[in-house]
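Chemist: Now for the letters of each chain:
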Amino acid sequence: MSAIAHAKAQAPHPAPAAETASPLLQVRGLEKHFSLSGDFLEQLRFKGGRIVREQRYVHAINGVDLEIQRGEALCVVGESGCGKSTVARTVMGLLHPSAGEIHYAGQRIDDLSHKALMPYRRRMQMIFQNPYASLNPRMTIQQTLEEPIRLHHPDWSAQRVKQQVAEVMASVGIAADWGGRYGHEFSGGQRQRIAIARALAVDPEFIVADEPISALDVSIQAQVLNLLMEAQQQRNLTYLFITHDLAVVEHFGTRVAVMYLGRVCEVAPTATLFARPRHPYTQALMSAIPRLEDDRPQHIRLQGEVPTPVNLPSGCVFHGRCPHANERCRREVPALIVTAEGGQVACHAVEEGRID
Amino acid sequence: MALLDVNHLDVRFALRRGDVQALRDVSFSLERGERLGIVGESGAGKSVAAFSLLNLIAKPGYIAGGSIHFDGRDLTAMSDRALRHIRGHRMSIIFQDPMMTLNPVLSIGEQMVECLKAHRRISTREARAISLRKLEQVQIPSPAARLDQYPHELSGGMRQRVIIAIALLLDPDIIIADEPTTALDVTIQAEIMALLLELCETHHVGLILITHDLGVVSQVSQRMLVMYAGRVIEQGPTREIINDPQHPYTQGLINALPQMATPGSRLNQIPGSMPSLDNLPSGCAFHPRCGFVERADGTTRRACIDLVPGYVTSGNGRVACHMVAEMLERERIPAEEIR
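In order, the protein sequences belong to chains A and B.
The first sequence begins at 1 in UniProt numbering and counts up by one.
The second sequence begins at 1 in UniProt numbering and counts up by one.
Derived by calculation from the structure, the hints in this document are not laboratory data.
Since we're looking at a predicted model, the values are computed, not measured.
Heads up, a few of these hints could be off.
As the list claims (entries may be wrong) - Examples of chain B residues toward chain A, derived with CB under 8 angstroms: (1) Met99; (2) Met100; (3) Asp185; (4) Ser218; (5) Leu253.
Think of the CB as a built atom: it goes at the ideal place given N, C-alpha and C, for glycine as much as any other residue.
With the sequences and hints as input, model every part of the structure.
Modeler: Right under this line is the structure:
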């Protein structure tokens with residue numbers, strides 16, 4: 001013990017410390033490709049007198065590195081098709097990564113068996129976008145909330161399970177008499193409250209929320225966001241929050257990762273990112289939010305649209321729409337570099353000082 | 001007289017368990033070239049309001065009362081034939097989902113030509129030329145090639161551009177846009193809204209924009225209506241309403257936006273949710289969620305619970321709220337006493 005402490009004190013650089021100081025979740029070089037070509041026979045093509053096997057892929061995520069510290073809320077933003085939901089699902093183990101590693105509390109979890117993953121499943125829970133689809137219509141609310149508890153604590157008595165359900169219902173503001181009713185009897189905001197209760201029922205420490213408020217009305221969005229923030233304070237939760245709404249990010253996130261076409265183009269503490277977005281895509285995205293004030297600067301118009309993730313552009317994935325792109329951007333994939341403000345940005349133009 | 005004048009419009013849906021009133025006493029007007037925003041949450045009746053302007057309400061819905069005067073003529077009293085002349089010609093509509101609006105088995109050109117020929121006696125060649133010009137106006141890349149493409153070959157943003165081009169085909173006086181950018185990403189949304197705004201300004205076309213996004217309304221419209229449970233609860237110049245909302249619901253909506261709170265702090269939420277139209281609370285439909293039913297001195301404002309509020313004029317706008325009416329009344333009396 002003392003020998004380790006001694007070794008650490010001697011080390012010229014701060015060494016990766018014990019579990020408490022290391023990030024709760026670490027994603028390294030994550031890739032996920034979906035095959036478009038169907039099964040083996042469908043992949044065969046007749047070309048130039050020969051039968052060849054052809055496979056096409058959707059490159060949903062292409063080398064994503066993320067770290068989430070305990071107690072923070074990391075928001076992942078981006079437009080549809082940028083791979084943000086795929087990141088969420090891969091982290092949760094709902095999808096298998098094509099390459100890369102996922103570490104949770106120091107343990108690699110992406111290659112674990114179903115059985116070995118079970119304890120991690122209890123510690124990591126997920127909230128989905130559409131509460132109309134994520135609740136089983138044939139189960140009562142009581143059954144819905146009991147199911148995860150019974151799964152993860154098979155040794156608990158029925159009495160104890162019921163008590164746990166009652167506690168979690170009270171903590172998210174669900175009336176006790178909702179238990180006997182079914183999902184369809186509730187409004188969208190109420191259903192999302194139930195979905196949150198289900199995620200919290202097994203006392204998780206890490207929650208992945210995939211667009212949890214996008215399907216809700218404005219006045220209800222505030223209610224659900226407040227609930228998520230309360231839960232974070234009371235239970236010391238860590239969030240991976242997927243959204244396309246930058247106003248929500250500014251309010252909710254500790255740090256923000258901006259994704260474009262399966263890559264992270266900028267990561268920074270929220271205040272830093274909003275004060276000074278560095279990546280040209282982040283700048284365009286932020287200037288596009290409709291604001292209430294009328295003295296807003298004109299939004300930056302991007303050329304064209306997001307390319308398809310089937311045939312990825314060479315070099316920087318953003319170069320086709322970027323006003324600052326040059327020859328190097330077309331050729332070379334930019335890596336994340338650390339900025340003076342403490343963020344990270346993947347852009348040749350920023351690195352070379354061509355833009356500030 | 002305004003180009004479009006809607007008065008006391010009343011729309012009902014005849015259901016087996018009785019009529020459900022989807023719109024009650026909706027009145028507003030639109031001048032030539034003016035841009036009006038209609039905001040509200042889902043179920044507030046904003047889409048019904050838009051559809052009823054073109055009498056597009058499907059059965060069992062019907063217009064039970066009120067009038068819609070367009071260019072001096074009452075649309076509610078018009079024959080289907082006469083209405084068809086106005087629909088798509090003088091007034092056109094842009095729907096939320098571009099994939100649902102375009103016919104998947106017809107090329108873009110065929111759909112545009114079909115629309116032109118339905119309203120004008122022109123040759124296919126002429127119709128194609130007009131279509132091409134409209135596609136150029138909406139700044140679609142390589143417009144000539146698009147004419148022979150099918151909707152599924154275009155991206156979401158491009159489809160919505162095609163739909164705007166179709167809406168503009170017959171040079172309408174008013175475009176009704178029902179959540180035109182909700183299905184699109186923010187950067188595309190910004191481009192489409194900028195385009196719509198630019199086209200409306202250069203061609204002097206009126207715009208009725210229906211949305212749930214207060215940011216979009218404040219960027220685009222000159223005047224706005226706020227709807228709640230089938231009624232217009234506040235209307236007036238957009239800037240006035242955004243900067244100084246009068247109705248507690250409008251205030252709540254604006255204050256609930258994350259951008260109105262310090263990051264990380266609790267958001268100002270409106271408690272509860274909007275009532276369903278077939279089970280409205282008594283009095284003001286907003287009273288169960290309203291923080292102003294009780295006065296500052298602790299007494300209850302009974303009118304909120306018992307009486308449906310009428311409209312009072314406040315600034316350049318109109319508000320349906322007992323609390324606002326009472327405050328205006330109180331301001332008026334001391335002024336007279338001093339005199």
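Chemist: State for each hint whether it applies.
Modeler: Checked hints:
1. Met99: Cβ of Met99/B sits 14 angstroms from chain A, so the hint is violated.
2. Met100: 17 angstroms, violated
3. Asp185: For Asp185/B, the interface hint holds, since the closest Cβ of chain A sits about 4 angstroms away, which is under 8 angstroms.
4. Ser218: 5 angstroms, holds
5. Leu253: 6 angstroms, holds
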